[in-house]
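Undergrad: Residue numbers (this note's numbering), protein chains in the order written: chain V, 2 to 447; chain X, 1277 to 1744.
These are calculated hints, taken from the structure and not from any lab test.
The structure displayed is predicted, hence computed values, not measured ones.
One should not assume that every hint holds.
[Unchecked claim] Simulated crosslink set (SDA-like; lysine to any residue; CA at most 20 Å straight-line): (1) Lys-363/V <-> Pro-158/V; (2) Lys-425/V <-> Val-1551/X; (3) Lys-1707/X <-> Gln-1623/X; (4) Lys-1688/X <-> Glu-1428/X; (5) Lys-1654/X <-> Lys-1688/X; (6) Lys-282/V <-> Phe-266/V; (7) Lys-1653/X <-> Arg-436/V; (8) Lys-301/V <-> Asn-369/V; (9) Lys-429/V <-> Glu-1608/X; (10) Lys-1654/X <-> Lys-363/V; (11) Lys-425/V <-> Val-1609/X; (12) Lys-1461/X <-> Asn-1323/X; (13) Lys-429/V <-> Leu-1701/X; (14) Lys-425/V <-> Gln-1623/X; (15) Lys-1515/X <-> Lys-146/V; (16) Lys-146/V <-> Val-1551/X; (17) Lys-1564/X <-> Pro-1578/X; (18) Lys-227/V <-> Glu-1535/X; (19) Lys-146/V <-> Ser-1587/X.
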Amino acid sequence: MKKILFVVSVAVLPAAFAETYVLQNATIMTVAKGTLKGSIVVRDGKIAEVGEKVMVPADAKIIDASNQYIIPGIIDCHSHIAADGGINEGSVSVSSMVDIKDVINPEDIAIYRALAGGVTTANILHGSANSIGGKTLPLKMRWGKDAPGMIFEGATPGIKFALGENPKRAGNPTGRAINAGAQPARYPATRMGVEDVIREAFVEAKAYKAEWDAWEANKTGIPPRKDLKLEALKEVLEGRRYVHAHCYRADEILMLLRVADEFGFKIRTLQHVLEGYKVAKEIAAHGAGASTFSDWWSYKMEAFDAIPYNATIMMRKGVVVSINSDDAEQMRHLNIEAGKAMKYGGATETEALAMVTLNPAKQLGIDNRVGSIEVGKDADLVIYDKFPLSDYAKVQKVLIDGTIYFDRDNEVTGRPLKQAEKQKLIDKEKQNQQRGPQTPPTRRQG
Amino acid sequence: MKRLITALFLCCVCALAQQHPAVAVRNARIVTVSGPVIAKGTVVVRNGLIEAVGDNVQAPADALVIDGEGLTVYPGLIDALSTWGQPGAAPATTTAAAGRGGRGTVAATPTPAVAAVFAVPAAPARGPEDRPQTTSWVRIADEISGTDRRIETARSAGFTTAVTFPTRGIFAGQGAVIDLLSGEKTGEMVVASPMGQYISIGRGGFGGGMGGGFPSALMGYIAYVRQIYLDLEHYKLVKEAYAKDPRGMQRPNYDRALEGLMDSPRILLPANRMVEMDRMLRLAADLKQPTILYGGREAYRPEAAELLKKSNTPLLLSMRWPEKSRDADPDEVDSMRTLETRDKAAQAPAVLAKAGARWAFYSDGLDQPRDLQRAIKKALDAGLSREDALRALTLSPAEIFGVQDRVGSIEKGKIANLVVTRGDLFDDRTKVEAIIVDGRKYTPVPETPPFGGRGAATEEPGNPGGAR
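For reference, chain V alone in the conformation it holds in the complex (with noise of 0.2 Å):
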């Protein structure tokens, strides 16, 4: 019971401070529910009131957003971003051992870029080197806080799996690692490979899955020893950890869903899937998400077949179709590359942006919380002075859970002064190496 005062005081608490905002006389595009001219309460973190007209509560500070529109915090489904010392646990096949958590950088310049770019919330995922890849989770864009600050808290983490060209390493025959020197051959060195590797590790996470279940019913003698490798995939066979599965090929992308059926577990969300427009029935059928690139493609073979029509030909399909960025700098204007469905395929505005916002919401299965402007819902909002997925438009200010984290205006008024500072240590730093000496380089014996 103490346990769960704890953890509700401690989610709380952040809400008791932020402050009450009014958010006034925007175009609000809601998402969910049209969009419409009017003004968003924002109280405890969360969104209180969303209409044409509404009450303005004594203490709220005035946001005056004339003229300007307001979406839902941009969510990426593929970054890699804030993790530190290497994104890929690469020397093996399967990796399920290893955790995006235990390396998340709080104090990664991308974080505020992306938040600069409207990005409130990140799946924050494994590379692609491994047939089965670590563990993944998605995080909030809290600029500021501490690593566990920025986990999005309740939601359901993930693990990365990876098909075709990158796991089997292609155009490298032995097997090696592309940079890594001396670097002994890996199996799988084809897609029949990748396929074998996933299965085998499912048979061995079934029969461990089924050791521990034998011991959790009656819980007597030494229970099994516990490892984290299988731990994870246990998880994905309860349910309880998404799988998200890099793929190109209409081929390696129909083999996973058989495997994950057979094996009983589901695909969450396919990662970049540029055939997916090929077995958009199938995916839906599977019910996998699937998150691709815009326009991004003919960068290596597998990409070759891709079509900018792929978002909205799998949507129109019946697919929960987002944009990804899996890229720091794209991750900066998903906005427009949400705009570019618009123009291909013909998808709505809020179509378009439901892929940068709900979308990709629901396939992270944090739907309940964040993607659209909803009463109830967290108080995670963009606001920009021009029509969001136009290429014109610039983020003015970003807020999570009520508070802001980026404003526009302070930060283009405090870069002089930020500037100077470093200046300053450039210039102290200079005259104290002409004048002292260096500590030597470290001697060794021998």
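On the provided structure of chain V, position chain X as indicated by the hints.
TA: Chain X alone, transformed into the frame defined by chain V:
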């Protein structure tokens, strides 16, 4: 012939360390560290122990008497994390790398101290089960040698004691507290062992780890550390059950990696940046192991000191302050964080002392008296008091490793490790007159000029052996 050589050898030893039944330093200023400073008093040393200390203590008749007029006696300095006593070993860590965003150039692979013991297995590890880069069973007390030339230079800087650790690999092995004696029987050098497990965490890259296999990324290293402690828990249960009744039970496999961890009183984890300190403290809490952090490059940040205090975790602070590399591209502008770190790193001791955090200095590859002195001076200039500086080199490290009952201060009954100086220990012109280790009196050697080129070594802390 053999006897003659032995005799000659013994003469050499005698020349270096003079042995007397007792040594007394009379009428000197005595900085006890554990108690108040004695303005004018006497310290008597016999059989390697402090026999008496005080302002009305008489020098015994059989003692070699040093006239302490104008001299100050301090407890011998302790290097809290060292590789002294291991000839050919690389320094424990170097933490100066504040070059570009903290990423340093890679140093040459050091010669292993004991090749047979530290040999890297031929096949790359396929996972945690292969126990990659683990020699947790190594006790450095079994490997130390008085022939390490650094012992003499360090002693000349006032160091009498070192907590020396094996440093190669992820789980490198157990450290020991040693007294810095030269050429003696190595068994005499060991003050206490085992002192804890030295753990390195690599920075990671795309390919294989330094052994060519698992782990390669930072998260792989952390996963491995987590897994091995899970295995240890299970291993203990199985062993216990088997010891109780082996009949009808499959014999558990002997696992030397786990055996090595079992009797480890604590673990040492690397942490330089603020986020690393936070990360390692959380890891330590999950592992439920008593923990010491080492590195501390960003410990000047007040929130870091708060974290340490809140978790009551000691920090061993590198004395190798980060500097801009001489070879750095002059056109490249470092990040604000990097600039700030280089500017403020030496404030860390003052910040930690003010916050009341538990911390101690460690040499981090410095061993020349001149360099050590310069490093301390930088911290003093940045606001550290002389008392706190002295404590961080004597009683604090002793307390952190739980050997404050035998070293770290001048008290009756403690091991006779003393430094006698003319002038304040941390002054530029101070001369070390004598060093007493285990009751044996040594005179400092004139400083040898540093060899090798200049420029900051830029190895990451805990990058195992800087091998990649």
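Undergrad: Of the hints given before, which are not true for this structure?
TA: 2, 3, 4, 5, 8, 10, 13, 15 and 17
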